[in-house]
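K.L.:
We have chain A; now place chain B onto it with these hints.
Listed below are the residues making up each chain.
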Amino acid sequence: MSQPLVKATGLTKKFDDFVAVDGIDFEIRPGEAFGFLGPNGAGKTSTMKMITTVSPITAGEMTVFDLDPRTDGATIRSRLGVVPQENNLDEELTVEENLYVYGRYHDLPKPVIRQRIEDLLAFAQLEEKRAAKVESLSGGMKRRLVIARALINQPDLVILDEPTTGLDPQARHVLWDRLYRLKQEGSTLVITTHYMDEAEQLCDRLVVMDKGKIVAEGSPQELIENYSTREVVELRFAPGQSQAGVEALDGLAKRMEALADRVLLYTDDAEHLIDEIHERDIVFDQRLTRRSSLEDVFLHLTGRRLID
Amino acid sequence: MAAITNALRQVEADYIGYRRTWRGRIISTFLNPVLFLAGMGFALGSMVDRGAGDAQLPIPFITFVATGLLAANAMQVGFGEGAWPIMAGIKWRKTFDAVLVTPLTVADLINGLLLWGAIHLAFALGVFALIAVLFGAIEPLPALLALFPAVLGGLAFQAVATAITSRLEDETGLTTMMRFGIVPMFLFSGTFFPISQLPDWLEPVAIATPLFHAVDLVRKLALPGVGEGVVTTIPMWVHVAYLVVMTAAGWLLAIRFLERRLKK
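Chains as they are written, first to last, in this note's numbering: chain A, 1 to 308; chain B, 1 to 264.
Isolated chain B, as found in the complex:
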């Protein structure tokens, strides 16, 4: 039972830290996604919806983008949570060293960080979903339903980012992951257009990315009955399995790598 108590202690510490720092993160967590939704959804959407060529969506473009951004936002929040704070804890502020001379173990620390990550994701994505509902982009109930896969997707990114960051010497690796991982996925994994629009050879690449699975799953739940052209025919359990395996692998590796890094 100590494991649960200890993880909750870490959650409490993260919450106290969050109370002090949430203002500084407001732009990346809340404002940017909403700006994307407004810019892409309304502005670009008004053109798309008037019809351009033969690639017409059966739903308003803003609905398409809002559901995509819910998952993409989860990716960014999750990655952010698993990257910079981890580097700070290991190297910049060395706060993890301080935690590990209390009764907490590395596993307790990671469990707490991920548990807090899930709470933080639920909150951040909840706010975004609420705004999307107010914009009329998604219906309230489907939006609520879509929160679950979005949080799962975000957690998968957080867990893997935590594991990788635990092995990085410095922050250049984080910027590299951002540039060559997060940004391309943001653009090409189905957030802004169906992956069927990609060149044939790129489509399987997109399907292999975790963000695609989060995006497709979010849409299948938030837009029930929506057909091909918006979502793929891949069964939902495949998406869930992909994201659960990714979360579990990231979680276990994070414990292992951090143990190796800090308990030498």
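Chain A on its own, in the form it takes in the complex:
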């Protein structure tokens, strides 16, 4: 197998007494879309900042493109495309100028930048906005521009820190479509997210992070198979009834999670479980049967939900 683009062992980041990243190991291979899934504060962004050489490593070892972030920062950064959590575009400049300036930072010749701007405007579906000032763009457009900007140096590795946080559903789908295209074209992507659906749609392989540690690793499918059941039955009880409900359900499912607003029952056979619920004459308000998702994996591994 080819050399990993990023290889980390015991990677640690401390801020004074706070341990943001607590000795994690991972490898990112060429051509894959690799995800870091976890709630806010799990250490995802700190990990990204160490890969982009912006944040010094506290302990452990990491190589990016076989180079040392401590000494080869500039060379590493010249081969990276970075999409930060917050759009940090120059709002006073036009769409085109933002791309141009970034190309110059990467020391690309002007004719090359001009050609790439054409390609990237088409990719980001921003051709008609080329001369518009960034401050006039919608949230989705700004996000696409940040991604286009990150591609100006034709990076070997694209790092996307929460690419769709804060976007409306339609804008998210447009963005996913673009990222999916990048993936099809063979780009290596690193994506952090606290959205299950995003991780399931885009990532070939992912790690689940919680409190600075990696708690599980695999493809979305593997994770669901290993840490959850095939199906989930969700029950909602009338106010005040859920305690009694939880007691009555005891022993029915493989595993049960009582959340604030509903009870999750994990099973490989939902139909059979529902029959049994009816047999026990359990009274509930609403019922929903669905397939297990990464959200359930996370809940199982940490006892908490991803977005509270």
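Treat the hints with care, since some could be wrong.
[Said to hold, decoys possible] With a straight-line Cα cutoff of 20 Å, these simulated SDA-like cross-link-like pairs (lysine to any residue) come out:
id	chain 1	residue 1	chain 2	residue 2
1	A	LYS110	B	GLU12
2	A	LYS133	B	GLU203
3	B	LYS264	A	GLU222
4	B	LYS263	A	LYS254
5	B	LYS263	A	SER78
6	A	LYS133	B	ALA107
7	B	LYS263	A	LYS133
8	B	LYS263	A	PRO56
9	B	LYS263	A	ASP68
10	B	LYS264	A	ASP22
11	A	LYS7	A	THR63
12	A	LYS110	B	LYS264
13	A	LYS254	A	GLU222
14	B	LYS264	A	ASN88
15	A	LYS7	A	ASN40
16	A	LYS110	B	LYS91
17	B	LYS91	B	PRO224
18	B	LYS263	B	ARG19
19	B	LYS264	A	GLN85
These are computed hints drawn from the structure, not numbers from a lab.
In this text the structure is predicted, and so the values were computed from the model without any measurement.
P.N.:
Only chain B this time, still in chain A's reference frame:
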């Protein structure tokens, strides 16, 4: 050599930004100084030149004010360049984060910002000096000569402002610096009257300020042979040394503080 190329990339970025924003800055950069020159130089000057008490200047008041304003304008432009755009880059727009994931380092960024600052100062002060020449306040050649110390003074303010802003949490600190640093210096460091007019105990305070050194140096170069009463007897190299040390200290501290702020 990457360091030079990278700094020039930042200069180019600043220039592109300037093309988009110079109109919004026209009032503070060009119009205000000219209004001061007209108001103070012509209007107040006509009274001063007629003679009031024993504090008479050996030169027209407008010449005195024009040379003072050249340095004071440099201070304001330099401070402005080292304050708000830095806060924007760090905090408001976070554009510095975007720069620092390209091959540029914090040092490249600061070098570029200061280099651009010098170019911008030369341009802004050049326009002011030209207007002062057209007003008949300064002779063309001395005006050109005085541009150098004025740019140096402005750069010193920019470098120090950049360093301080790199440590500020929010913009209240910038307003404080403006109120308690820039404005008092503007009024009391020799722009509008010789510091010998200050109460005896205040004179050393004025001499300690950077603006005084820029003002005095500008006058010594722009008004050769002008005597005491207009300028002090402090040798020119002291002024130069003061401003060079201030620029260098601001520059190095800016790199250090910004590194600490953005590369955590």
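K.L.:
Is the straight-line distance between the alpha-carbon of LYS110(A) and that of LYS264(B) 20 Å or less?
P.N.:
violated (33 Å)
K.L.:
Between the alpha carbons of LYS264(B) and GLN85(A), is the straight-line distance 20 Å or under?
P.N.:
The given pair, whose Cα atoms are some 16 Å apart, holds under the 20 Å limit.
K.L.:
Starting from LYS263(B), check that the Cα of PRO56(A) is at most 20 Å away, please.
P.N.:
holds (7 Å)
K.L.:
Just to be careful, I want the Cα atoms of LYS133(A) and GLU203(B) compared with a cutoff of 20 Å; is the pair within it?
P.N.:
violated (50 Å)
K.L.:
Holds or violated: are the alpha carbons of LYS263(B) and SER78(A) at most 20 Å from each other?
P.N.:
Within the cut-off at roughly 17 Å; holds.
K.L.:
If you draw a straight line from the CA of LYS110(A) to the CA of LYS91(B), is it 20 Å or shorter?
P.N.:
Distance ~30 Å between LYS110(A) and LYS91(B) Cα, so the pair is violated.
K.L.:
Are the Cα atoms of LYS263(B) and ARG19(B) separated by 20 Å or less?
P.N.:
violated (30 Å)
K.L.:
For a C-alpha distance cap of 20 Å, please report whether LYS254(A) and GLU222(A) respect it.
P.N.:
Given that 20 Å is the threshold and the Cα spacing comes to 18 Å, the pair holds.
K.L.:
Check whether the Cα positions of LYS7(A) and ASN40(A) lie no farther apart than 20 Å.
P.N.:
Cα-Cα ~24 Å, so violated.
K.L.:
Verify the proposed pairing of LYS264(B) with GLU222(A), using a straight-line Cα cut of 20 Å.
P.N.:
Roughly 35 Å between the alpha carbons, so the hint for LYS264(B) and GLU222(A) is violated.
K.L.:
Would you mind confirming whether the straight-line C-alpha gap from LYS264(B) to ASN88(A) stays at or under 20 Å?
P.N.:
holds (18 Å)
K.L.:
Taking only the CA atoms, is the gap from LYS263(B) to ASP68(A) under or equal to 20 Å?
P.N.:
holds (16 Å)
Checked against the numbered hints given earlier, the structure breaks hints 2, 3, 4, 6, 7, 12, 15, 16, 17, 18 and satisfies all the rest.
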